Structure formats: structure tokens, C-alpha cells
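J.: Listed below are the residues making up each chain.
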Amino acid sequence: MIRKKIVISNKLGMHARPATLIVKAATKYRSDFKIAKKDIEINGKSIMGVMTLAAEYGSSIELIADGVDEEYLIKEIAELFASKFGEE
Amino acid sequence: MKKISVKDFFEEKKKDFSLSLITQPKTINRDITSEFLNRPGLAFAGYFERFSYQRIQVLGETEITYLQSLSDEVLYNNIKEVFVYDIPCLIVAKGLSVPAQMEFLANEMNIPILCSRLATDKLFNDLRRYLAEFFAPSKTIHATLVDIYGVGILLTGKSGIGKSECALDLVERGQRLVTDDAVRITMIDDLLIGRSTNDFGHFMEVRGVGLIDVAKMFGIQAVRRNKRIDLQIELMPWKDNMDYERLGLSENFVEILGVRIPIIYLPVSPGKNVSVIIEVVALNYILKRYGYDAAKEYTNKLQDELNKKAKLRNSAVVKNDIEM
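Protein sequences, first through last, are from chains W and A. Just so we're aligned, residue 1 is where the first sequence starts under this note's numbering, counting upward by one. Just so we're aligned, residue 1 is where the second sequence starts under this note's numbering, counting upward by one.
Chain A on its own, in the form it takes in the complex:
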């Protein structure tokens, strides 16, 4: 199970969420283990049925106003009852201050309270996005990721088949490189997002030449940091008897992190311009997304023609006409 300590989260995201720590530093050593958030209003009112204590608890103006309306004794008891649970941390939005008793109890019971200057809604959404990304399933695969006319294409294939050279050719044709050799894939909202495994920039190894910096060499327009992966193209050596797709009526799929994306097996042979074919694959994908399928269109036309001619022949035979 993935987790992040409140301390690491605070250090890392202090700026993004304008956070400050209200309680003593010793309280901060708890772990965040859930990607979800909770508004603990009902818990503070004494209702603990289905209380999602393991989530980060976000307090907005509603909760704070409610707590302020309670008498000292009730307030103390209610907060104590909530803090008995193993809560990762409380975050108060809008820069609101918490009742003194709450701060006291939090220090006593080792529950960290953070304060954010962001509005509750914004804090809630931003936090949710950050946590979803942090807890998202991910894996790293040996591939090259390129953006072709906005279509994210994952190039795979054995070492030395020419993925990098192909990406280089595509970049020269005005397409964009996301990352070469190792792609970190994260699943967010049922989409696959690919990026580099590090932040060093867009470096690439070209056999016989060495390392090059694609962004420096071709300009910033030739690269991008991350991209949704729409389809995979597996480059493979040309084999004479291999069953390659001829019409494109049937689609093959591959599953990455549980998400199904189309895969195309592309035979590569010397002197063949793979880059043009990859661009064509991307454009055909866009056409299909817009509802136009060339393979279907052509074969439907052919079937209509065949039916029409068969009918004509039939009526000719009935009239005892000569053979067509």
C-alpha cells in the first residue's frame, strides 16, 4: 500500500497549498494512506456511523462555525471523541483559526492540524487531484512516447529495432517527443498518462552518436512533458509469412494497468519510411474518433456494388439472357 507521511506532504506541498502547521512539529509524523478526503462535520456533531477517519479531514467555514457555536464542555468532548480515531491530519481551509481547545487536544493526542489559505472548494479539488495522482497505479515500461498530431503513441519493440531513430525522424517532421527509452505510465481517471522517469530533460541515445538533447537541438516545440497514451505501435522485424493486418477492419487491443488501448503491429524493413506510416496511423485514429472508418467505408461500397451486380445478373438469367 502506497503512503506518504504528513511531514513529507507538508514539506513538498507547502507552497502549492499555502500550508502552515498549527500544531507542534512532533504531531506531524503520521501517514496518509487514502487518496480520498472527508468533511468531518457529522463526526464533530457526534455521528460516527461510516466516519472515514483514515482520510485527510478538510474543515471549511461550516465546520469551524459549527464548532464555535458549541459550549466549551460539548466542544471539548466532541473533539476528543473525533481525535480518538487514527486520523492522518486535519486541514483547515481559508486560513481560518481553530478553537483553542482543538489545538490543545490535537497536541495532546498527536493529531496534526494544517492550515491552508486556499478557499475550501479550491483546496478540496487541488488536494483531491494531487492525492489521486500520488496514489494512482503506475508502471515503467521500455518504450518511446511521442505526440503525433495530438495522438499519444507508445512505440514498443525489441532493442535496436529503431524506436529512438523513428522518434528522431518524427521530431524532425515537426512532431513531439515525450520521452525515449523508459516511459512512466500512470493511470488517472481510466486514462493512461506517460512521462519520463526523471526530470533531466529530453535526452536520447542515438546509436553510433551518443547522447543528444532533443529540446536544445530541435527547440522547445519538439518536446512535451507528459501525454495521454491513445494507442501502441509495436515495431517488429518484417517476416514474409506473418499475418499482417490488411484492411484494418479488425482491431487488436492491449491492456496496460487495466486500461485497453488499440495496438498496431507494424512490420519494419530497411528502407521503409516508418515515420510516415506512424503519422498515417495517428491521422487514421483521429478520423475514426470523428466517426469515419476508411476500411468500413470502402468495404460497404464494395458490398453494395456486389449486391447490385448480383441482382442484375439474376434478372438477366430469368429473362434467359446471354451470359454476362
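Looking at chain W on its own, in the form it has when it is part of the complex:
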């Protein structure tokens, strides 16, 4: 299992478009993928789940991947966050 802490760096926060990008990227992998924020932990492959987190600009979340391709999954998702989803 891999865990990785991330701070939301795009101004609009994790709204519908980033949520869709995350879920689409994550569903390509076989590993289980969860995102945690404070005491909430959701399935990172479910769009409603990801949106439920309502992770705003500046808040921190944790990516949790578990499975055969966990490294690749975390790498791609982390890159998505780093690119600010192509936003400001």
C-alpha cells in the first residue's frame, strides 16, 4: 500500500472537472484507490465519492493506493494534481 499527502493547488478546488479527470485516470488501474480528507475516506474511482470530499483550494488530502500497479496509479494522480488540472 502507498500513501501520499497532497495539498490542493488549483484555485477552484476539486470541482466536477478535476474529479472526472481523477476518476477516469484511476479506473485505468487495477489497484484499489481511496482518497482521504480529515476523517472521510472515499473510493477514488467513484465520481460522486470524489465530489463528496469537497476539497477546496489549500486543503490537504491523502491518496491511498493498494494493489499490483499502485505506484503507477499514485504517480499519474499526483501528476494530475501537480498540473493543477490545467487550471490556475
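Accuracy of the hints is not assured; some may be wrong.
[Stated by the list, open to error] Result set (DSS-like, lysine-lysine): computed pairs, CA atoms no more than 30 Å apart in a straight line:
no.	chain 1	residue 1	chain 2	residue 2
1	A	301	W	45
2	W	5	W	45
3	A	288	W	24
4	A	301	W	4
5	W	38	A	308
6	A	301	W	34
7	W	38	A	311
8	A	216	A	272
9	A	311	A	296
10	W	45	A	309
11	A	311	W	24
12	W	45	A	272
13	A	296	W	28
14	W	24	W	4
15	W	45	W	11
16	A	308	W	5
[Claimed, not checked] Stretch by stretch, here's where chain W covers chain A in the computed footprint (C-beta under 8 Å, at least three residues):
no.	segment
17	246–259
18	298–307
19	310–316
[What the hints assert, rightly or not] Beta-carbon label-pair distances, calculated as ranges:
no.	chain 1	residue 1	chain 2	residue 2	range
20	W	87	A	248	19 to 25 Å
21	W	75	A	276	36 to 42 Å
22	A	205	W	60	56 to 62 Å
Simulated from the structure, these hints should not be mistaken for laboratory data. Just so it is clear, the structure is predicted and the values come from calculations on it, not from any experiment. Glycine included, each C-beta is placed from N, C-alpha and C at the ideal position.
Here the structure of chain W is known, so what remains is to put chain A in place on it, guided by the hints.
T.: Positioned in the frame of chain W, the structure of chain A alone reads:
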């Protein structure tokens, strides 16, 4: 170019338009090639600029009264000048009779004159509707057309994907079947109208069972003859890495006969209840038409929440508060 001969038109629509033939039968072999109608009043008065002679010419009381007011000589010349043009036919409304000279010239010059008992306005409108439909662009496609809560849904997808079975399930749930397997689509007034390619009734082939008669089996309320097509649902086999629509914020469109309608790509897998999803698609379509878009509503709420929280965090950081 589509066309119908005056003879076929007369035989076919004699009853609907209460038509009778005034001229001799030999005059009737002309072709109708235009979906429009013309009132030839100005032509009979000698004005031929932009005279739409290729259209069916409809004569009402105005034209007939005008012709009757002319002296014999003028009448003869004016009619002759009009009949030089290649006119498909004249239709006189209200059961009015035409001047004897007109009938004579029409027989001589081979122009058919029909008489209708309908009032001019009614004849004009009915004729126009009939011609618009006859000349409308159309095509036949491999699909199943169903009416779900009044929304016309065209089900497409490869053979064996389960279009017919899906339609059957929908019919059992109280929805209506228009036609299975082949849909004849006609474009009328920028709308797509779908119907069966024949008049045999609502038959359907169910794999492993054979032919069934849906109207007999489920009752007349389970079927309808034609329906406006509002959207298309393409059934496709489930693929793991396929990019399916998740939120419904973006819409895909498909063009049929130049008309754009929304299309939804619906993955099908064994044990999945496609009928319920199709009903949901129809209901969501109705909600959107009434101005409520669930995807927009939810994502707007989310964005508001995100903005509010970001603002709060910002002011907390400014006050040198602890991390949230």
C-alpha cells in the same frame, strides 16, 4: 428528384381531398414535382413575372370570380397564355365550376383540372401538408423506435446487442413500441418522424422464440404508429477502458437527415437492467427540457461550497490560525 403523377395523386387522394376530374382522362398524365402550391390569380391577369408554373395551381372563389368577370375574348387569351406553361395541374376549390372556355382549352392543351369540394383554405393547408410529407427527405435505418413517457427514443447498436429484447421489456413496463428493426425516418419541419417501413402491424422477432405480434400480445396501448425522434441511445458492449459519460455535463450529438439530436452511448453488460436506464434517460431529458439539469445543479452546489471553504481558509490563514 421525387415526383408523383397527377394520375397517382388523384387515385390515391380522391377521397381525402374530395376530388373529381373535370378535364378528359387523357390530360392526367403529368407529374407533380414541387411540394409548394401557387394561387395563379396574377398569372390569369397577365402578370407572369416569377410565375411558379411548376407548382400545383389552386383556384379559389377569388380567381373564378375574376375569370367570370372577363369578356370572352380576354378570358380566352389570358387562359391560353397561362396554359402555355408546363403546369402539373389546376385544382379548383369549393366545388366551383370553371368557365367553359377554360375546360375546352385545358383539354386541348392537356392541362388537367381537378375539382375539390373542400373550402379553399382547408384544401390549401391539407394539400400543403400532404405534399410536404411526400417530398420530405427520408431514410431507413437499422434501429428500434420506442416512446418512453412521450420521449421518442431511437435504440441503435449492433445486431444481437439486445435492442428488441430491451424494447420488449420497456413495453412490459407500460411504454410503447413504434417499430422494431427498421425505422423509416422522415424529416418534416426540421423534426424527425419515425415509423415502420410497412403497414403490417407491430411484429417483432425475438431470438429463440420467433415472431410475435406486440399489439395483440400487450394490447393497443403498447404500440403507436409514428413518433417524433427526440434522442438516440446507442447500446454497446461494456468495455473496461472505455470513456463513458460520468456527469452528463457535456452532450454528444448525432446528425440524421441534417437534424441534430442528442446521442447517449450506453454500455450494456449481462444482468444490467437497461430498460430502467432508458426510462431514466427519458425522464432526465424531460427535466432538461423543463430547465432542470441535475448535473449542472450538483456541480454548481459543489463549486459554491468549494469557494466558501477556500475563503474561510484564507481568512483563517491571515489570522495566523492553526491549519484546518
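J.: Decide, hint by hint, whether the structure agrees.
T.: Now for the hints, and whether the structure bears them out:
1. This hinted pair checks out: residue 301(A) and residue 45(W) have alpha carbons roughly 21 Å apart, not beyond 30 Å.
2. With a CA separation close to 18 Å, the supplied pair residue 5(W) and residue 45(W) stays within the 30 Å bound.
3. Restraint check for residue 288(A) and residue 24(W): the C-alpha separation of about 25 Å stays at or below 30 Å, so the hint holds.
4. Proposed proximity of residue 301(A) and residue 4(W) is supported: the alpha carbons are some 28 Å apart, at most 30 Å.
5. Between residue 38(W) and residue 308(A) the alpha-carbon distance is near 18 Å, which keeps this suggested pair within the 30 Å criterion.
6. At roughly 23 Å between alpha-carbon atoms, residue 301(A) and residue 34(W) fall within 30 Å of each other, so this suggested pair holds.
7. This hinted pair checks out: residue 38(W) and residue 311(A) have alpha carbons roughly 19 Å apart, not beyond 30 Å.
8. Annotation: proposed proximity of residue 216(A) to residue 272(A) holds, straight-line Cα distance about 28 Å (limit 30 Å).
9. Proximity of residue 311(A) to residue 296(A) is assessed by CA-CA distance (about 22 Å); at most 30 Å being required, the pair is judged to hold.
10. With a C-alpha separation of about 24 Å, the suggested pairing of residue 45(W) with residue 309(A) holds against the 30 Å cut-off.
11. Proposed proximity of residue 311(A) and residue 24(W) is supported: the alpha carbons are some 29 Å apart, at most 30 Å.
12. Of the pairs offered as hints, the one joining residue 45(W) and residue 272(A) holds, with about 20 Å between alpha carbons and a cut-off of 30 Å not exceeded.
13. A hinted pair counts as satisfied when its Cα atoms are at most 30 Å apart, and residue 296(A) with residue 28(W) qualifies at roughly 26 Å.
14. At roughly 19 Å between alpha-carbon atoms, residue 24(W) and residue 4(W) fall within 30 Å of each other, so this suggested pair holds.
15. The hinted pair formed by residue 45(W) and residue 11(W) meets the criterion: a straight-line CA distance of about 23 Å does not exceed 30 Å.
16. A C-alpha spacing of about 23 Å is found between residue 308(A) and residue 5(W), which places the hinted pair at or below 30 Å, so the restraint holds.
17. Coverage of the segment 246–259 of chain A by chain W holds. Counting CB-CB distances below 8 Å, 3 residues qualify, and the rule asks for three or more.
18. With 7 residues having a Cβ less than 8 Å from any Cβ of chain W, the segment 298–307 of chain A passes the three-residue criterion, so the hint holds.
19. Figure legend: the segment 310–316 of chain A, annotated as covered by chain W; annotation consistent (3 residues with Cβ-Cβ distances under 8 Å, at least 3 required).
20. For the hinted restraint 19 to 25 Å between residue 87(W) and residue 248(A), the CB-CB distance of approximately 21 Å keeps it satisfied.
21. Between residue 75(W) and residue 276(A) the CB atoms are about 39 Å apart, so this pair conforms to the stated range of 36 to 42 Å.
22. With their beta carbons about 59 Å apart, residue 205(A) and residue 60(W) fall inside the hinted range of 56 to 62 Å.
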